Amino acid sequence: MPHTKLRRLVTISVAVTLGASALAACGSSDDGSDEDDGAGSGPVSLTYWAWAPGMDKVADIWNKGQGKKDRIQVTVKKQASGDTLITKILTAHKAKKAPDLVQAEYQALPTLVSNDALADIADDVDGVKDKFAEGVWQQTTLGSDAVYAIPQDSGPMMFYYRQDLFKKYGLDVPQTWEQFAETARALKKKSPGTDLTTFSANDSGLFAGLAQQAGAKWWTTEGDTWKVGIDDTASRKVADFWGGLVKEGAIDNQPMYTPAWNKALNTGKQIAWVSAVWAPGTLTTAAPDTKGKWAMTPLPQWSATENVTGSWGGSSTAVTTDSTHRSAAAKFATWLNTDPEALTALAKEGGIYPAATTAQTSDAFAEPPAYFSNQPDFYTRAAAIAKNTAPSAWGPNVNVAYTTFRDAFGSAAKNKSDFGGALKKMQDDTVADLEKQGFEVAE
Amino acid sequence: MSSLAVRKAAPAAGTTPGTAQGPPRRRRIALVPTVTLLIGAVYCLLPVAWVVIAATKSGSELFSTFTFLPGTGFTDNIKDLNAYRDGVYWKWMGNSALYAGLGALLSTAVSAFSGYALAIYRFRGRETVFNILLAGVLMPPVILAIPQYLLMAEADLTDSYASVLLPLILSPYGVYLARIYSAAAVPTDVVEAGRMDGASELRIFTRIALPMMVPGLVTVFLFQFVAVWNNFLLPYIMLSDDEKFPITLGLFTLLEQGSNTPALYTLVVTGALLAVVPLVALFLVVQRFWSLDLLSGAVKS
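Protein sequences appear in the order of chains L and A. Going left to right, the first sequence walks through residues 1 to 443 as this note's numbering numbers them. Going left to right, the second sequence walks through residues 444 to 744 as this note's numbering numbers them.
Bear in mind the hints are in silico, worked out from the structure with no lab data behind them. Being a predicted model, the structure only gives us computed values, none of them experimental.
In the SDA-like style, the derived pairs of lysine to any residue whose C-alpha atoms are separated by at most 25 Å in a straight line are:
no., chain 1, residue 1, chain 2, residue 2
1, L, K64, A, D529
2, L, K436, A, I586
3, L, K424, L, A393
4, L, K77, A, Y708
5, L, K293, A, E504
6, L, K77, A, Y527
7, L, K387, L, T361
8, L, K97, A, P590
9, L, K348, L, P376
10, L, K77, A, A540
11, L, K348, A, L698
12, L, K436, A, P590
13, L, K263, L, G281
14, L, K77, A, E597
15, L, K94, A, L594
16, A, K522, A, V719
17, L, K291, L, Q375
18, L, K293, L, V173
19, L, K293, L, D172
20, L, K57, A, D684
21, L, K77, A, D529
22, L, K97, A, D599
23, L, K77, A, E686
24, A, K522, L, G281
25, L, K217, L, K237
Chain L on its own, in the form it takes in the complex (with noise of 0.2 Å):
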């Protein structure tokens, strides 16, 4: 028992300070494990839980290559992604049976942390820094001086439209939200039966990104406080500009990724979409008759001025806390996110955008994707456009302020009603749950 409390203890001051990159360095080599790590000291074996399609055949050229001369063999055990995946992780965990290697999207590493799931590796990955964007490594490193993770996959927020349908329907691409609105109303006075998009409340990520492009950062530390700013004046902006939009009409309120949603983007009932870089590949399902019709531009602006753009979804590599080889399971993560070789089977095989900046501009992106055919420059676009990500900020309980999300703003969205009150619930919600966990935070 005490020793579960004072687990509990290290694992809240962990989360709570997350800059105390000391307290987990002392974790990470206190059990000697490293030892064994490196060339030539006896064959490693690890295991990678990863979602990514194709992963194995990546992990595979590592066993034949590289890993070969290390002597580190990594086996990959394909998993489903999203929350449950996370929860299935804790729950591993809890028996010290989690793999050496996780795949993790961005928001919920503070989650991991917090529950001393991942391993401090910055002492392996010197160097690895610079080959990534500010924003997107920043996210691992949770604004402390400790690496939780390699940054794997990144997804850059677009704007996708059908270039036939705008000029027919006479539409400039909007530059800012507001010429955004404006289009939204144009295309409703010509054509009552089309909407420009829809608000979907059903994926969480889309709305934090958006907040995040008007610079909104939600969950902020001040000493051993978390601050949630979820209910600030950026996300607010955000939500009175959607919810006034579907208020009057002018946009759908339908959820997306239904059978009705594919239908109206197929058949040009809705002609535009807020998305990120993986978009051609949904659009490829959701919408196969219209390939070669769509165009991406960047995302409309809040100021004529300004260039940022959000992120809506990506992944990251993380060594757990109970793999007992942990610099070389390190060794693995910087090869898998960093390595030319890596990276274009990745780009192949699993269809993922690299969060690596060389990356993003090598031969495996010098092609448009298939859908795109249309727009050759589209990764060479997607690339300037990836610079511009603005930070984001996690915090330990997004899975709470994402369920939030979906209720408070679908039933908004459904009831065309004042999404403010819904972003006021996300907030309270988020914090009330930080308090119960345990966690110290600022009013």
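Put chain A on the given structure of chain L with help from the hints.
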């Protein structure tokens, strides 16, 4: 025709109660129950029909053509499913069959033994054991999954076939059902007669009681089989190696591929359809054992 028959039959039944048992009664159609049942049937069968029809659609047809219009991609879907990661789907199917088949068999055996013992023998604590079992029946297995995982982890058994099979073996509901059934189907007289003739307890159980309990045990087996086949949370927590996944988990990984990869809807729909086939087949085959009920009860004569 039917409405006429009903109208005619109603006064007949009212005026001469007891005598109008012939043809008029057979023709009477109870409208409300029939309609209710029809609605129920449609409610249950419509999703099945959807799956059957959706499985015939190719990726581009799935969401764009009319819902109940059959598509043209059925063979391609099967081929794609077959080709997906070197046919891992069939591996999942085999795993499901193993978990459900072996798991249900073992749990039926345990249920038969313990149900029989609880019904036939009188011993101290019998009611306590039975009451604890009843409490177990009320406990949803879902909430036990995590404690079971932690136990398995202690024994170093996680991520193995045993980790999924072991927790399935003791099914409180199965024991409960077997007890009720053997109390009803195995007369104490028969057991006594067996003892008089010098048969050992084991022999009485295997040779006399077990055959009488078959219909009940078939029910237990089917319940368990379906429960395991559809089980999700337990294998989800226990297993991390997708070569050991049952079909439920496998299809889930096809759906949740991460945000940059679209869900493989056509594969999931086709996979779901094929996953139902063994269940339907099992029911059709095992169904006939239920009708043994009357025969096996007729021992006393």
